[in-house]
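*Asks:* Assemble the whole structure, with the sequences as input and the hints as a guide.
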Amino acid sequence: MKRTLFYITTFMIVSLSLVPFLWFVNTSLKTPLEVTSIPPVFIPSGALSSYVSAIEGYDLLHFVRNSLIVAGVTTIITILISIITGYSLARLRLKYKGLIMGSLLVVSMFPQISIAGPVWRILQDLGWLNSYQGLIIPYVTLTLPLGVWILASFFKDLPPELEASARIDGCSHFQTLFRIMVPLAAPGVFTAAILVFIYAWNEFFFALLIMTQQDFQTLPVGIALFQGQYTMPWGEIAAASTVSTVPLVLMVFVFQKRIISGLTAGAVKG
Amino acid sequence: MAKIFFENVIKNFGNTRVIKELDLHIENGEFFTFVGPSGCGKSTILNMIAGLEGITGGKIKFDNMTVNELSPKERDVAMVFQSYALYPHMTVHENIAFPLVMKKIHKDIIKTEVERIADLLGLYDLLKRRPRELSGGQRQRVALGRAIIRKPKVFLMDEPLSNLDARLRVEMRAELKKLHNELNITTVYVTHDQAEAMSMSDRIAVLSGGEIQQCGTPQEIYLRPANTMVAGFVGSPPMNFIPAIIKDQAPLEVDCNGFRLRPVTDGNPERGNVILGIRPEDLTVSSTKIDKGIEVIVSIVESAGPFNWVDLKWKDNTIKGMAGLDEKLQPGNTCYMDFPEEKVLLFDRETGKRV
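These protein sequence lines are chains A and B, in that order.
When the count follows the numbering used here, it moves up by one through the first sequence with no breaks and lands on 270 for the last residue.
When the count follows the numbering used here, it moves up by one through the second sequence with no breaks and lands on 355 for the last residue.
Estimated spans, in silico, between C-beta atoms of each pair:
| # | chain 1 | residue 1 | chain 2 | residue 2 | range |
| --- | --- | --- | --- | --- | --- |
| 1 | B | Asn8 | A | Met109 | 48 to 56 Å |
| 2 | A | Phe21 | B | Arg129 | 37 to 45 Å |
| 3 | A | Phe204 | B | Lys111 | 53 to 61 Å |
| 4 | B | Arg129 | A | Pro20 | 43 to 51 Å |
Capping the alpha-carbon separation at 27 Å, the derived lysine-lysine pairs in BS3-like fashion look like this:
| # | chain 1 | residue 1 | chain 2 | residue 2 |
| --- | --- | --- | --- | --- |
| 5 | B | Lys107 | B | Lys73 |
| 6 | B | Lys151 | B | Lys59 |
| 7 | B | Lys353 | B | Lys313 |
| 8 | B | Lys343 | B | Lys247 |
| 9 | A | Lys156 | B | Lys73 |
| 10 | A | Lys95 | B | Lys20 |
| 11 | A | Lys257 | B | Lys128 |
| 12 | B | Lys313 | B | Lys292 |
| 13 | B | Lys151 | B | Lys104 |
Among chain B residues calculated to face chain A with C-beta under 10 Å, some are:
| # | residue |
| --- | --- |
| 14 | Gly51 |
| 15 | Val77 |
| 16 | Met79 |
| 17 | Tyr84 |
| 18 | Leu86 |
| 19 | Pro88 |
| 20 | Met102 |
| 21 | Leu156 |
No wet-lab data here; the hints were simulated from the structure.
Positions of the beta carbon are idealized from the N, C-alpha and C atoms, including for glycine.
*Replies:* Now the structure itself:
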């Protein structure tokens, strides 16, 4: 009885969250006529025409490329800094460790809108509006607290003898970190990397604010600007949304095991 | 190989002094053990030798070279940890090879070396496995292999046998001793298990409260403990302590619970209060009256296999002795105990030092 209830609830929650996704995947496969027809058509027949039109008419791949650059570079920089910071915070005998970790958390709580103005001014003075670094650097600062917290808790759980052992076996501090600790914290590194990537991939507000020229716009902004003054290309928007979502879904599926072990690490002693 | 010298070595953690003025030297090729209760500072000493902990004051030297400021890498020491500290993401082969890889030694040489060590330790068939696929004893061997592969100057072991089950522990003791005899590398061993220390070491330092209580061969420590701490710590079950009073000096005569004894001492103690120490294994208990036997009451009988340990009530004191299996002893019964006077040790009641 309990089991059935569990499955019913799970099924309902999963379907509810899946509906929007399935709806736009479905829409992306419709012809322009089917998209707006009443009563709605549930079996699409347009095949990939919306995709072709999104790529050819709206330069979809250009936005994908920008998003890949921004999210990819953000992830690499954030993870590198998080590894070093997280390790130090986990291991060094620092005086105000609690305060540092706490302030990191506080900083990550600031609503984006509250820092948007200053960030825009700084970037303008640097001449970095409409440049990759202009978006990457704010993303790195926004995602660092998350990365540092995940990795610090991972490094904290690794036995300190391993480091002592590595040091005695001839490793420098950096070698100890990158040859022994990072491979052991791999689930944490993966978890952090994927979460950071998803954040940077999906982020809309800063991207809209900073990237005013189409040359540098990322997918979410690009898709939002698909609609013209008199047009609402639903099929193309749905196709672009699918393109922007499917890679993430695939990535999470592929690394599912690692992410789960990452999110639950430290719960039980290995 | 190296001699290790400690010159006035001090270690503080914050405001707490954990090692007080350590002065000691460890000989070339010696198997030297620091033994003591937990928290006595023995692992800290080992970490200071390894370079994992800084030194607050004094000097540590390997032969003539002061190593205070050297990193673990530069000191050329190897260490075996209680938890083994094997690298979980590497195979046995990679684990053993790791110190040589860090030294950037040629691959082919590493391969032959690892195989030689694996042969020596009986790990040959396990080289492709990962640590989690090994038993405790096998992991211990891998940790040893990783330590001995690069022929270090000094070999450090931090309670390496504590995580093994009792039988394996005794086996590994013999194996470690054999390995030490073969390699003849200066070995510093840390343990809280006095039996382990006694059975393997050339010399032992008994530590308590960050200070060496006594340093000597296992036999010296067992037979002539410097104070009640050492006497109580070394030997199992621990030594019996009974308050006594020195009544006469020449010849020495001691009153213990109204019983007159003439123990043999190194010095010439003054009259006054002392503590009398006698090891349970030197104290025989008998159910029938024996010549000079002291009348006592049986409180507990524990079987030790070939004989029994008996807890006895002697007036206000509880003491432990040995009885043969044929002795019929029941709790509450009166029985008789006897011990040779020359085995009795006397300790100052104030300072605890042997007199």
